[in-house]
Amino acid sequence: MQTPRYDKDKCIRCLRCWFSCPEGCIKREEDDYVRWDLNYCKGCGICSQVCPVKAIDMIKGGSR
Numbered sequence: 005m006q007t008p009r010y011d012k013d014k015c016i017r018c019l020r021c022w023f024s025c026p027e028g029c030i031k032r033e034e035d036d037y038v039r040w041d042l043n044y045c046k047g048c049g050i051c052s053q054v055c056p057v058k059a060i061d062m063i064k065g066g067s068r
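The opening residue of the sequence shown carries number 5 in this note's numbering; numbering runs sequentially from there.
Quick caveat, the hints were computed from the structure, so don't treat them as lab data.
Check before you lean on any hint, since a few could be wrong.
Below, a list of computed lysine-lysine pairs in the BS3-like style, where the Cα atoms sit at most 30 Å apart [claimed, not checked]: (1) Lys31 with Lys12; (2) Lys31 with Lys58; (3) Lys14 with Lys64; (4) Lys58 with Lys46; (5) Lys12 with Lys46; (6) Lys64 with Lys31.
Taking the hints into account, I'd like the entire structure generated from these sequences.
Below you can see the structure in the form of structure tokens.
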């Protein structure tokens, strides 16, 4: 199982991850930063792949 690791300092708030998540587990905050509901994340890695600044990477064996 892989889970996303998010570096908020790198994030440019483009929301590509939010638009791309097939499970809808990425939640948009008022300031356009995002957070994950890991109870629903399937570990597909699409969010990591679409991030233009590599603010998201997938880690193996991440906690839920």
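Going through the hints against the structure:
| no. | hint | result |
| --- | --- | --- |
| 1 | Lys31 with Lys12 | holds, 14 Å |
| 2 | Lys31 with Lys58 | holds, 18 Å |
| 3 | Lys14 with Lys64 | holds, 21 Å |
| 4 | Lys58 with Lys46 | holds, 19 Å |
| 5 | Lys12 with Lys46 | holds, 21 Å |
| 6 | Lys64 with Lys31 | holds, 22 Å |
Of the numbered hints stated above, none is contradicted by the structure.
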